[in-house]
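Colleague: Chains A and B supply the protein sequences, listed in that same order. When we follow the UniProt record's numbering, the leftmost residue of the first sequence carries the number 1, and every step to the right adds one. When we follow the UniProt record's numbering, the leftmost residue of the second sequence carries the number 1, and every step to the right adds one.
Think of the hints as simulated: they come from the structure by calculation, not from any bench. Treat the hints loosely; a few may be bogus.
[Stated by the list, open to error] For lysine-lysine, the following PhoX-like pairs were computed, each having C-alpha atoms within a straight-line distance of at most 20 Å:
| no. | chain 1 | residue 1 | chain 2 | residue 2 |
| --- | --- | --- | --- | --- |
| 1 | B | LYS3 | B | LYS255 |
| 2 | A | LYS152 | B | LYS255 |
| 3 | B | LYS152 | A | LYS255 |
[Stated by the list, open to error] Computed list of chain A residues with no C-beta within reach of chain B, every gap over 10 Å:
| no. | residue |
| --- | --- |
| 4 | ILE63 |
| 5 | GLU356 |
| 6 | GLY437 |
A virtual CB, placed ideally from N, CA and C, is assigned to each residue, including glycine.
There are 2 protein chains.
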Amino acid sequence: MDKVLIYDTTLRDGSQAEGINFSVEDKLRILEKLDEFGVHYAECGWPGANPKDTILFERLKKIKTQNLKVVAFGSTRKAGKKVHQDQQIENLLRSGARVITVFGKSWDFHVIQAMGTSLEENLDMVYETVRYLKEHVEEVIFDAEHFFDGYKNNPEYALSVLRSALEGGADWIVLCDTNGGCLPNEVYEITKAVKESFPQARIGIHAHNDSDTAVANSLMAVLAGARQVHGTINGIGERTGNANLCSIIPNLQLKLGFEVIPPENLKKLTELAHFVSEVSNIPLPKNMPYVGESAFTHKAGVHASAVMKRSETYEHVDPSLVGNRRKVTVSDLSGRSNILYKLKEMGIQVDERSPELVKLVEKIKELEKEGYHFEAAEASFELLCKRHFGLVKNYFDLDAYRVLIARRSTDVSPVSEATVRLYVGDIKQHTAALGNGPVSALDRSLRKALEEFYPNLRDVQLIDYKVRIVNESEGTSAKVRVLIESTDGRRKWGTVGVSENIIEASWIALTDSLIYKLLKDEEEGII
Amino acid sequence: MDKVLIYDTTLRDGSQAEGINFSVEDKLRILEKLDEFGVHYAECGWPGANPKDTILFERLKKIKTQNLKVVAFGSTRKAGKKVHQDQQIENLLRSGARVITVFGKSWDFHVIQAMGTSLEENLDMVYETVRYLKEHVEEVIFDAEHFFDGYKNNPEYALSVLRSALEGGADWIVLCDTNGGCLPNEVYEITKAVKESFPQARIGIHAHNDSDTAVANSLMAVLAGARQVHGTINGIGERTGNANLCSIIPNLQLKLGFEVIPPENLKKLTELAHFVSEVSNIPLPKNMPYVGESAFTHKAGVHASAVMKRSETYEHVDPSLVGNRRKVTVSDLSGRSNILYKLKEMGIQVDERSPELVKLVEKIKELEKEGYHFEAAEASFELLCKRHFGLVKNYFDLDAYRVLIARRSTDVSPVSEATVRLYVGDIKQHTAALGNGPVSALDRSLRKALEEFYPNLRDVQLIDYKVRIVNESEGTSAKVRVLIESTDGRRKWGTVGVSENIIEASWIALTDSLIYKLLKDEEEGII
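Excised from the complex, chain A in its bound form:
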């Protein structure tokens, strides 16, 4: 079985999407998930291009991935300069990445018009840059920018750019449809021509979705001989996005018979898609192939009953292979097996037909209807399940909280003050604290009340806080969903709160975060 390698650029090309702005922490969390999932390469950024990417590569030096190769991205040397004197190239080497991708021009029109240099100099730039980098790192990938447009305009020149990269020692030559304008038949023909010109070369494809055919273009390139596919999770990216790996991977693996990622990992595809959607704060369209909420939804009665009898009658693949599930009617029970699976992971053994399980499934459905989403809030989900089975003790009882935010025009910034009144056992605590904002004031006030009893809470830090409006559907009043990401230096966990009131939603996510810390420490015998 032939192998196709997946090259993810969610962190670089994906972050170019309108409305996406990943923090360094976001990028590290996504990277961890990609590694777990089994992606082969992850392009993390352009070292030196902006402070955020530079910090990221510094952080990455201390991180060990399982199988994933961290890639630094940059460009060929400047025209008319020496490659070893080019600061941009120097930054690539200093990044610590052992795989470097450099892009170079392969469209003669671009070389002359946009770059204003000669065709020969461009070939030298490609050759020298690849060769110099290859002396210092394990693997060099060459991205031939605008390759297809270039080939259509001047095939000899486009091919000579690839030749320069190969002569420089490039491990891969990647054909980029930078403007996304190509159609699948062209991509197939041109990739085949490249394969015939360089039968020994390892070829990659990098497609954009401007013609709405990025997935198909990637597949056709593989059929023509490409063995590395670039793309992003959920197809996020500039303009209309990059090729969507969430569709490409199952198409290659389940339909075309290529070996891409371990089949058991493919079951995490839907979860991965939703995770990236939450972190990017861009909702996943319900109709997204393979991973969308409606991807396996059957509305018509005939379809639904046929599907129950023999699923292949109206389903192109078994949804469980990609970690999605069939949705048939409002009262479907398909959630149960998922939840059983999760409970098992938590060490909770329960019979499939137990009334306790049925009640839990109902509770979860109820919460989902209210706007809860547990994909990025596994800690809240674990607490919910364990509370249901009486496995979480009562660390404290809230009596009341109050938050006041006030600003006069003469103030530089507003004042935020919170008070909390609670009981730990019989002992009453009444505390007050200021904060930069209402949530931090609440957080401080709550800790002030608890840390005396639970000193290990001092290790907990909130590292991310996200808010989204949910249920925009008409008639109902909008709710707010707050996601909090916390760490104690050893673990990271996510919690969620939903309410009409942002402060109350924050309070729910905040208290869940602290309780989760206490529960885990207790389970591990630390307190």
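The hints should help you fit chain B onto chain A, whose structure is shown.
Modeller: Relative to chain A, chain B alone:
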């Protein structure tokens, strides 16, 4: 130039999408737009299948379209029945439609398993139904359900189903990928085989998007000889949707050189897509190819300046050909040329070297460092620029605001109360209001203070509210970025606020939203 006919099924297959529920009026409005646009066929429903479709066809009898052919959709006769005694067939004829599409099974497995009849009887059902209908109406189209799966399983039988339809007198045989599981290479090969078997037949393609390749599959079928393409506007439809006509039409016409619709009508494509999105109440993804808001958005500074010089360097087609427009967004990668371009759009003429421009660029960079992001907040950006050039008057002066949120353990939900003290000219307003949460309380209190002076603020509605933590440079305290989207029924605009305090950030975005409304109404001479 070869002609390809467009067969729209937005009203039938499109209405199967989760969350879509068109009224009869909606359907008539969409039909009118489709006719104007130049679509050749519109499948309007299944007469008799439900009361709504029956009413629609009654209404349609009184409506004259320009070029569009109204199509009624139904199935072949029941197994073991006479075709002229089949009520379903009778309903099709009574609908008044002069074009009828009937679907029949072409996958042997389905005939036997799902329908429980013999392969021979199915052939008779197809032949007799087509023949009978063709005696009564102008044009009969045969939809071969599950054709590709059927062909892969039993090519002889699948082809014999098509033959029966052609012998019955079908004007078109349409190859349906009902489960959406086929990939472009298969669709090409199989369509070609059909074309070779029936060189005289007119062939159509009906694709679903389960493999994320419906657009490509449709194009590949056309390249193999199909000349009728089925699909929906925006690709709406059951599960992952139907083939998206908004991508197929420009691909066929602008790239593959087919004659599809009049070029001047193609300029209405973006408008049509947004119209159907509004009527379906399903927001159009920004990254939708050709018609999405971000389809021609340039973020990076290098791209943006190259695009200004020669648009083909980074654009696959001229956006005006499909009625869309180029958008240059301001982001942390931006430079002076982007901002100049935006100022020009606002009608502010300024010299490239003017010190005022330099100061503005510096101010924007400063704000971006603080965590401001103007891509989704063009209104705030416009206010910022116009304030810089003294073009925004002082609608009010804030004196102070206060917000209190309190919850006791016995409360069902927290109480949120806001007070606002401000001056409009010399007049002091001091108001208080409750809200579901702190932001709605502030919003209500602010409007209470202003509406007396600016009654047009009553039209403003907040439609989205997003919050993110921005802690891009480590070491500094985290800030909160709030994005608010507003509408007054005619326009939509986005505003942004950044602060360490979520309430203050919301206040900034909120006041900008209201001021923007006042500014625009004033510019347009409404107030």
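Colleague: Does each hint fit the structure? Answer for all of them.
Modeller: Evaluated hints:
1. LYS3(B) / LYS255(B): holds (14 Å)
2. LYS152(A) / LYS255(B): holds (13 Å)
3. LYS152(B) / LYS255(A): holds (13 Å)
4. ILE63: holds (16 Å)
5. GLU356: holds (27 Å)
6. GLY437: violated (4 Å)
Hint 6 from the list above is the single one not met by this structure.
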